[in-house]
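Kindly generate the complete structure, drawing on both the sequences and the hints.
Protein chains in written order, with this note's numbering: chain A, 8 to 449; chain B, 8 to 449.
The hints are simulated quantities; they were obtained by calculation from the structure and are not laboratory data.
Worth double-checking, as some hints may not be accurate.
Stated by the list, open to error - Here are the in silico distance ranges between beta carbons for each label pair:
no.	chain 1	residue 1	chain 2	residue 2	range
1	B	Pro64	A	Glu57	36 to 44 Å
2	B	Glu85	A	Pro25	30 to 38 Å
3	A	Arg340	B	Ala88	27 to 35 Å
4	A	Pro14	B	Asp238	49 to 57 Å
5	B	Asp213	A	Arg27	51 to 59 Å
6	B	Asn215	A	Asn336	50 to 58 Å
7	B	Thr314	A	Gln198	53 to 61 Å
8	B	Gly148	A	Arg340	50 to 58 Å
9	B	Ser29	A	Glu57	40 to 48 Å
Glycine residues also receive a C-beta, built at the ideal position from the N, C-alpha and C atoms.
There are 2 protein chains.
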Amino acid sequence: MSTDLMPNRYTPGEADVPLRESELIARRDSVLGASYRLQYRRPVHFVRGEGMWLYDPDGRAYLDFYNNVPSLGHCHPEVNAAMAEQAGRISANTRYLEPKLVDYAERLIATFPAELNRVVFTCTGSESNDLALRIAKLASGNEGVIVSSYAYHGTSAATASVSPNLGDAVKLSPLVRMVDLPGPAGVPESQAADFFEAQVRAAVVDLNRRGIGVAALLIDSIFSSDGVWVDPPGFIASGIAAVREAGGLLIADEVQPGFGRTGAHMWGFERHSIVPDLVTLGKPMGNGFPIGAVIGRKSPMDQFGATARYSNTFAGNTVGIATADAVLNILQRDKIPQHALAMGERLRTGLEKLATQPYGICGIRNAGLFFGIDLGLEGATAPSRRAMALNVVNAMRDDGVLVSTTGANEDALKVRPPLVCQAEHVDRFLEALEHALGGLAR
Amino acid sequence: MSTDLMPNRYTPGEADVPLRESELIARRDSVLGASYRLQYRRPVHFVRGEGMWLYDPDGRAYLDFYNNVPSLGHCHPEVNAAMAEQAGRISANTRYLEPKLVDYAERLIATFPAELNRVVFTCTGSESNDLALRIAKLASGNEGVIVSSYAYHGTSAATASVSPNLGDAVKLSPLVRMVDLPGPAGVPESQAADFFEAQVRAAVVDLNRRGIGVAALLIDSIFSSDGVWVDPPGFIASGIAAVREAGGLLIADEVQPGFGRTGAHMWGFERHSIVPDLVTLGKPMGNGFPIGAVIGRKSPMDQFGATARYSNTFAGNTVGIATADAVLNILQRDKIPQHALAMGERLRTGLEKLATQPYGICGIRNAGLFFGIDLGLEGATAPSRRAMALNVVNAMRDDGVLVSTTGANEDALKVRPPLVCQAEHVDRFLEALEHALGGLAR
Numbered sequence: 008m009s010t011d012l013m014p015n016r017y018t019p020g021e022a023d024v025p026l027r028e029s030e031l032i033a034r035r036d037s038v039l040g041a042s043y044r045l046q047y048r049r050p051v052h053f054v055r056g057e058g059m060w061l062y063d064p065d066g067r068a069y070l071d072f073y074n075n076v077p078s079l080g081h082c083h084p085e086v087n088a089a090m091a092e093q094a095g096r097i098s099a100n101t102r103y104l105e106p107k108l109v110d111y112a113e114r115l116i117a118t119f120p121a122e123l124n125r126v127v128f129t130c131t132g133s134e135s136n137d138l139a140l141r142i143a144k145l146a147s148g149n150e151g152v153i154v155s156s157y158a159y160h161g162t163s164a165a166t167a168s169v170s171p172n173l174g175d176a177v178k179l180s181p182l183v184r185m186v187d188l189p190g191p192a193g194v195p196e197s198q199a200a201d202f203f204e205a206q207v208r209a210a211v212v213d214l215n216r217r218g219i220g221v222a223a224l225l226i227d228s229i230f231s232s233d234g235v236w237v238d239p240p241g242f243i244a245s246g247i248a249a250v251r252e253a254g255g256l257l258i259a260d261e262v263q264p265g266f267g268r269t270g271a272h273m274w275g276f277e278r279h280s281i282v283p284d285l286v287t288l289g290k291p292m293g294n295g296f297p298i299g300a301v302i303g304r305k306s307p308m309d310q311f312g313a314t315a316r317y318s319n320t321f322a323g324n325t326v327g328i329a330t331a332d333a334v335l336n337i338l339q340r341d342k343i344p345q346h347a348l349a350m351g352e353r354l355r356t357g358l359e360k361l362a363t364q365p366y367g368i369c370g371i372r373n374a375g376l377f378f379g380i381d382l383g384l385e386g387a388t389a390p391s392r393r394a395m396a397l398n399v400v401n402a403m404r405d406d407g408v409l410v411s412t413t414g415a416n417e418d419a420l421k422v423r424p425p426l427v428c429q430a431e432h433v434d435r436f437l438e439a440l441e442h443a444l445g446g447l448a449r
Numbered sequence: 008m009s010t011d012l013m014p015n016r017y018t019p020g021e022a023d024v025p026l027r028e029s030e031l032i033a034r035r036d037s038v039l040g041a042s043y044r045l046q047y048r049r050p051v052h053f054v055r056g057e058g059m060w061l062y063d064p065d066g067r068a069y070l071d072f073y074n075n076v077p078s079l080g081h082c083h084p085e086v087n088a089a090m091a092e093q094a095g096r097i098s099a100n101t102r103y104l105e106p107k108l109v110d111y112a113e114r115l116i117a118t119f120p121a122e123l124n125r126v127v128f129t130c131t132g133s134e135s136n137d138l139a140l141r142i143a144k145l146a147s148g149n150e151g152v153i154v155s156s157y158a159y160h161g162t163s164a165a166t167a168s169v170s171p172n173l174g175d176a177v178k179l180s181p182l183v184r185m186v187d188l189p190g191p192a193g194v195p196e197s198q199a200a201d202f203f204e205a206q207v208r209a210a211v212v213d214l215n216r217r218g219i220g221v222a223a224l225l226i227d228s229i230f231s232s233d234g235v236w237v238d239p240p241g242f243i244a245s246g247i248a249a250v251r252e253a254g255g256l257l258i259a260d261e262v263q264p265g266f267g268r269t270g271a272h273m274w275g276f277e278r279h280s281i282v283p284d285l286v287t288l289g290k291p292m293g294n295g296f297p298i299g300a301v302i303g304r305k306s307p308m309d310q311f312g313a314t315a316r317y318s319n320t321f322a323g324n325t326v327g328i329a330t331a332d333a334v335l336n337i338l339q340r341d342k343i344p345q346h347a348l349a350m351g352e353r354l355r356t357g358l359e360k361l362a363t364q365p366y367g368i369c370g371i372r373n374a375g376l377f378f379g380i381d382l383g384l385e386g387a388t389a390p391s392r393r394a395m396a397l398n399v400v401n402a403m404r405d406d407g408v409l410v411s412t413t414g415a416n417e418d419a420l421k422v423r424p425p426l427v428c429q430a431e432h433v434d435r436f437l438e439a440l441e442h443a444l445g446g447l448a449r
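So this is what it looks like as structure tokens:
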């Protein structure tokens, strides 16, 4: 496998790019440098967003079925109004008393099981996971972390070092252990829990044998970077119990599944009927405003807070809080998680119909509006499946629909539209997918 | 010394707090928990901000001489308009082409010496320092970090572990070495450079002896957490050379001194006539919007970028960029750094006059509008000096002027008003300080 695990990207010279864009790319490369990759073989260039749609400078509309940050749609007027109104009033930090901070903290915590009754705000999902790991290490007295074999948990030094998804160039911590998931390993659902538990127990034994101990099992409940593995519900429970037996905590990374994306529930871990010790939030929390949080049980949160001062300048400032409050209000008022469930079902039904055609759809996995769609014609090699996924993604981009790839072999489509998508958008996506698959099949 | 290094804070039961506030504090404690400290013995409660002023629910105005995030003043209408306008248009991420990102990156880099020509955006100063350390480690092939003995560089696991300022409860990394500063050690300015260099060389020798090597000297050019030590300009240069000889990089943490605070220059390191390898930005960059950056030389930045994918979801999104662009535009258009220099001189003159009175002002250090003011009557013990600073800060708070403390003994006033303060604000601050000192002296 390549050390660069972002296959769906622009590579200079490999595709025709219009002059306007190639000039902008040259300027961009000369100031932003090599860290900044552009998605798609022919990069997209957007100047306006509205709801499910992004528009290029020529006014061409692209249907966004990929961005999970603006869950309520691009440029949501009500969210933006809340942000602007608060910015004109005050942006207080958390060392001053401000009722909005407390009001929102109470409302957010009320969406969690009763055991999870403390919140600390951050600015990003990476900061949330970084902080949760610090809390888990202090609470457990241990140092080891267990993640899934293709996990991604953030960009900070600590979170990147437990993110095998970042590839060979980012060194893994000597204190992290990876566990295989039953789905990608081809284990039948009836044996999924036992398989997962056995993997976790082996990691615990190894960490203990080396005197490292286990501080946390850090997982997202839909294993998004591993290719979206959601079933059977509950398959992670016995593995979690094994970690707790060993003194470790469960950190549920809800940066991607959280805030209703998995449908019906507000939080992805609820599908598995488990209650984490710590929960980390990010991406859609402010519909684009940089805000995240760690929610947790009283004991580890207070143990950390009482000793280790945690002060995050921007986190919990009133503008971020007012924005996040508007998002949560809309999610609840408009029953967005339930809507995500219904739209996810429509999308799944459409995909299952496409899968009856000889297009190469060989797996459909979803929870709500987070889908992994395996592609590959019968008998295809891993590289050819990977190439096929990349071709589909780029054909859809040319057709005006945005998705990307996921999974260890990057041969699954990663589909996660804003949660406000309607039947017409689902149908447009299915049409574009059929068109792309049909074009390849020809 | 206490393990809790935030002396200026509310402690339940130690001060009379009105019912409205004590009820809010009780609710706050029950959801936010022990991490969240409140400043001042009697916490402040603000509901509106405008320019230099914060207002409590009763409409009482407090002059803000402490907050270095809203450098252009609270609720700046032009900055907020730029944010709101962009939020209504598009909030694109950096994997899509968007000209504003490139325009701002070019404008930001143009404010730096020519050698510093690459930028990566983050969301917070902590993320900036965390990323800069990753880059320095990759570029140098070494692991060791040298910081000042009371430094603070962030809240992430990696940055907290090189922040002795956080106190005993946050473990330092075995790979960090602290160096004493000449000022707090009582070394005369004529020997400051030699003293600093000797400290750094000793740290390098120790890191090399253990096979760790030196990846970076990480310092902020005004040593704000150490008590604001700014003179003589250039005293850090030979220590920096020693680090480079050993293969390490200089990371200039400009989160606090940056964006004109030190007066005349845009960047604090310019006072020392040195050019860093990496520069980290945060706090005032968006006047409150969560945005930061790492600026660097081509070689380490491209070495990192070419291999280690760095993707920060919110960082560099168009709303943050538009906000930061408005801030930079105003800083340059209104010559704010020059204004900060002039106001800093007025404040210094006033303080020097107060220092001729028997009030206990025994040291005044500043660069532009960042001041450390040592307090202590002749022959006073360290605890009594610390108590005096705390008393002054709280008396000023009661008088409607906000400042706090800094330094290893927390016996210096930390004064850093928004850069837009005018002569009348400086005079009001001096009046309140004289009043507080006079009241204590009675």
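Cross-check of the supplied hints:
no., hint, in the structure
1, Pro64/B / Glu57/A: 36 to 44 Å, "38 Å, holds"
2, Glu85/B / Pro25/A: 30 to 38 Å, "34 Å, holds"
3, Arg340/A / Ala88/B: 27 to 35 Å, "28 Å, holds"
4, Pro14/A / Asp238/B: 49 to 57 Å, "54 Å, holds"
5, Asp213/B / Arg27/A: 51 to 59 Å, "55 Å, holds"
6, Asn215/B / Asn336/A: 50 to 58 Å, "57 Å, holds"
7, Thr314/B / Gln198/A: 53 to 61 Å, "39 Å, violated"
8, Gly148/B / Arg340/A: 50 to 58 Å, "54 Å, holds"
9, Ser29/B / Glu57/A: 40 to 48 Å, "46 Å, holds"
In summary, the one numbered hint that this structure violates is 7.
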